[in-house]
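Number of protein chains: 2
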Amino acid sequence: MSGCPLSVEGMASVLPASNKSMKSDRNTNVGKKFVHVQNPYLDLMDEDILYHFALGTKTHNLPVMFGDVKFVCVGGSSNRMKAFALRMHKELGCEGDGEEMKDICAGTDRFCMYKTGPVLSISHGMGVPSISVMLHELIKLLYHAQCCDVTIFRIGTSGGIGIEPGSVVITDTAVDSFFKPRFEQVIMDSIVTRSTELDRDLAEELFTCSKDFPHFPTLIGHTMCTDDFYEGQGRLDGALCSYSREKKLDYLKRAYKAGVRNIEMECTVFAAICGRCGIKVLNFHVNMRQLKIPWSSMP
Amino acid sequence: MSGCPLSVEGMASVLPASNKSMKSDRNTNVGKKFVHVQNPYLDLMDEDILYHFALGTKTHNLPVMFGDVKFVCVGGSSNRMKAFALRMHKELGCEGDGEEMKDICAGTDRFCMYKTGPVLSISHGMGVPSISVMLHELIKLLYHAQCCDVTIFRIGTSGGIGIEPGSVVITDTAVDSFFKPRFEQVIMDSIVTRSTELDRDLAEELFTCSKDFPHFPTLIGHTMCTDDFYEGQGRLDGALCSYSREKKLDYLKRAYKAGVRNIEMECTVFAAICGRCGIKVLNFHVNMRQLKIPWSSMP
Numbered sequence: 334m335s336g337c338p339l340s341v342e343g344m345a346s347v348l349p350a351s352n353k354s355m356k357s358d359r360n361t362n363v364g365k366k367f368v369h370v371q372n373p374y375l376d377l378m379d380e381d382i383l384y385h386f387a388l389g390t391k392t393h394n395l396p397v398m399f400g401d402v403k404f405v406c407v408g409g410s411s412n413r414m415k416a417f418a419l420r421m422h423k424e425l426g427c428e429g430d431g432e433e434m435k436d437i438c439a440g441t442d443r444f445c446m447y448k449t450g451p452v453l454s455i456s457h458g459m460g461v462p463s464i465s466v467m468l469h470e471l472i473k474l475l476y477h478a479q480c481c482d483v484t485i486f487r488i489g490t491s492g493g494i495g496i497e498p499g500s501v502v503i504t505d506t507a508v509d510s511f512f513k514p515r516f517e518q519v520i521m522d523s524i525v526t527r528s529t530e531l532d533r534d535l536a537e538e539l540f541t542c543s544k545d546f547p548h549f550p551t552l553i554g555h556t557m558c559t560d561d562f563y564e565g566q567g568r569l570d571g572a573l574c575s576y577s578r579e580k581k582l583d584y585l586k587r588a589y590k591a592g593v594r595n596i597e598m599e600c601t602v603f604a605a606i607c608g609r610c611g612i613k614v615l616n617f618h619v620n621m622r623q624l625k626i627p628w629s630s631m632p
Numbered sequence: 334m335s336g337c338p339l340s341v342e343g344m345a346s347v348l349p350a351s352n353k354s355m356k357s358d359r360n361t362n363v364g365k366k367f368v369h370v371q372n373p374y375l376d377l378m379d380e381d382i383l384y385h386f387a388l389g390t391k392t393h394n395l396p397v398m399f400g401d402v403k404f405v406c407v408g409g410s411s412n413r414m415k416a417f418a419l420r421m422h423k424e425l426g427c428e429g430d431g432e433e434m435k436d437i438c439a440g441t442d443r444f445c446m447y448k449t450g451p452v453l454s455i456s457h458g459m460g461v462p463s464i465s466v467m468l469h470e471l472i473k474l475l476y477h478a479q480c481c482d483v484t485i486f487r488i489g490t491s492g493g494i495g496i497e498p499g500s501v502v503i504t505d506t507a508v509d510s511f512f513k514p515r516f517e518q519v520i521m522d523s524i525v526t527r528s529t530e531l532d533r534d535l536a537e538e539l540f541t542c543s544k545d546f547p548h549f550p551t552l553i554g555h556t557m558c559t560d561d562f563y564e565g566q567g568r569l570d571g572a573l574c575s576y577s578r579e580k581k582l583d584y585l586k587r588a589y590k591a592g593v594r595n596i597e598m599e600c601t602v603f604a605a606i607c608g609r610c611g612i613k614v615l616n617f618h619v620n621m622r623q624l625k626i627p628w629s630s631m632p
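Chains P and F are the protein sequences, given in the same order. Take the position in the first sequence, starting the count at 1, then add 333; the result is the number in my numbering. Take the position in the second sequence, starting the count at 1, then add 333; the result is the number in my numbering.
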């Protein structure tokens, strides 16, 4: 087993312990926690079409296809999520080399999806609206498939603030551009503020696992979600830039002081939607570049 | 020539007339309007890497590759944008059947890009953050390539409000979920409100062209941009739905009264970013389904 912090060994060691506490949860069925939706209209529908997955309740036997799913790993890039699925296939010791794995969403180019054993690997594109579409349909898929005790991991790359390149940040709190732990969901013409709480026990357990892999420096910190890669993150290399380098550094230093260790573009809605459907989630990223501030300049 | 409203004939008839007025523009060079950026740092950079295109100023000769681009067509789906490029290739009478056209962004899976003659066809994924990343890098690409007199078209499908399925909506005004013609750009922890004005002359010219294709009912109207496909658009089939069917219908009727004829997820930022860089843009969509309100129930 290589020192991969995304390994099934790591996941297996994290999850059973966390799931023990579910036995006392209200939403149980013989100790199992089923995925639920919060939409009274859904069960009244004759057919539910998951448009952006090219799947549906009449055209596909979702319980047979997905009923055994326990771990869902989501990330922005379709190539990476295919590579992740192949890696899982190998780690799980599944038959074959995995090359025969088909994209379950081949009928559309919006997202890609691969399944190996109890692990589902799905891409979600970039930004809150894109992952939001995917999460609505993923949660409905898990609900229709009668999945239970599911954990969703969001994995990917991000821009670090004041941390070493290549380090892994496990998110304890997802915050917005104003360093607040909230997601402002626009529902038609109303704004509803939702909690972006993540499962701290799960974060701590993954952090404990990470100690076995010292060549991947790992820390727990706040992750900031922006709606824009360039101006939103204070970058100086977009088509538009109306602020100074000093203003950018000031913002990033304030973010660091507020506990932010990395920036990406999806974590708040990920925490908000999954939280409302009672699904445990974990958000962690490898910081590919020291994009923001030299480590030495941090307060 | 088939009755395709996206035809090169259509575009050709639209653009020269519109470009005439550019001669009096301040930002001209022998009557040409070059694409510009609004970022004083950009020219100071040794190298500009267009991360999400897998292109760069040191690794690629952008003026040679893209200097003749006049029309950029963008849309969410990569498959559709490839199909569009193939169609353009055929309509323009370019050599070969187009099957040899390569994805210029093959080095990444974030977006795809095809070029045929003066037409560039690019995908942008779903939602404001995703198209925003693409637009920043597209405008920098056009700037580095010294392109002039460029028009960008956003084409795609959308959900119609009180209009016939299959009809085409040409956007005159891009509005947000509150029916306001504005885009709220978060720049670090500040919110800046930007105009979402579109080129009305261009919209009118395309509308005039559409009269030659009566089997595509076409109208000019406001297009609403939401950050969410489910709750944002009042859908009753998401994983989360906390409102009634009546509340949804009330919202959509109010949208119709405010002039909104279709809903999608990118138009406000498309208008805002391109507008700030002085690029003419046109936003038009085919409404694939009568998703929202029965035509007969409209006021």
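By construction, these hints were calculated from the structure, which means they are not laboratory data. The model shown is predicted, which means the values in this text are computed figures rather than measured ones. A hint or two may mislead.
Identical chains share a label here; the pair holds if one copy fits it or two copies do between them.
Listed below are the simulated BS3-like cross-link pairs for lysine-lysine, each with C-alpha atoms no more than 27 Å apart in a straight line [unchecked claim]:
{"id": "1", "residue 1": "Lys415", "residue 2": "Lys435"}
{"id": "2", "residue 1": "Lys581", "residue 2": "Lys391"}
{"id": "3", "residue 1": "Lys586", "residue 2": "Lys423"}
{"id": "4", "residue 1": "Lys590", "residue 2": "Lys580"}
{"id": "5", "residue 1": "Lys415", "residue 2": "Lys513"}
{"id": "6", "residue 1": "Lys423", "residue 2": "Lys391"}
{"id": "7", "residue 1": "Lys448", "residue 2": "Lys581"}
{"id": "8", "residue 1": "Lys513", "residue 2": "Lys448"}
{"id": "9", "residue 1": "Lys586", "residue 2": "Lys448"}
{"id": "10", "residue 1": "Lys586", "residue 2": "Lys513"}
{"id": "11", "residue 1": "Lys581", "residue 2": "Lys403"}
{"id": "12", "residue 1": "Lys365", "residue 2": "Lys544"}
{"id": "13", "residue 1": "Lys403", "residue 2": "Lys544"}
{"id": "14", "residue 1": "Lys423", "residue 2": "Lys581"}
Status of the hints after comparison with the structure:
For the homomeric pair Lys415 and Lys435, the shortest alpha-carbon distances inside one copy (10 Å) and between copies (22 Å) are both at most 27 Å. Taking CA atoms no more than 27 Å apart as the test, Lys581 paired with Lys391 passes between copies only; the shortest distance there is 26 Å, against 51 Å inside one copy. Within a single copy, Lys586 and Lys423 get their C-alpha atoms no closer than 42 Å, and across copies no closer than 53 Å, so neither meets the 27 Å cut-off. Proximity of Lys590 and Lys580 under a CA criterion of 27 Å is satisfied intra-copy only: 15 Å inside one chain copy versus 43 Å between copies.
Within a single copy, Lys415 and Lys513 get their C-alpha atoms no closer than 33 Å, and across copies no closer than 41 Å, so neither meets the 27 Å cut-off. Taking the shortest alpha-carbon separations for Lys423 and Lys391, neither the intra-copy value of 33 Å nor the inter-copy value of 38 Å comes in at or below 27 Å. For the homomeric pair Lys448 and Lys581, neither the shortest alpha-carbon distance inside one copy (42 Å) nor that between copies (36 Å) is at most 27 Å. Proximity of Lys513 and Lys448 under a CA criterion of 27 Å is satisfied in neither setting, with 35 Å inside one chain copy and 43 Å between copies.
With identical chains, the CA atoms of Lys586 and Lys448 are never at most 27 Å apart, being 41 Å at best within one copy and 42 Å at best between copies. Taking the shortest Cα distances, Lys586 and Lys513 sit within 27 Å of each other inside one copy (16 Å), while across copies they are farther apart (34 Å). For a Cα distance limit of 27 Å, the shortest separation of Lys581 from Lys403 qualifies neither inside one copy, at 41 Å, nor across copies, at 35 Å. For a Cα distance limit of 27 Å, the shortest separation of Lys365 from Lys544 qualifies neither inside one copy, at 30 Å, nor across copies, at 61 Å.
For a Cα distance limit of 27 Å, the shortest separation of Lys403 from Lys544 inside one copy, 24 Å, qualifies, whereas the shortest one across copies, 55 Å, does not. In the homo-oligomer, the alpha carbons of Lys423 and Lys581 never lie at most 27 Å apart, since the shortest distance is 43 Å inside one protomer and 47 Å across protomers.
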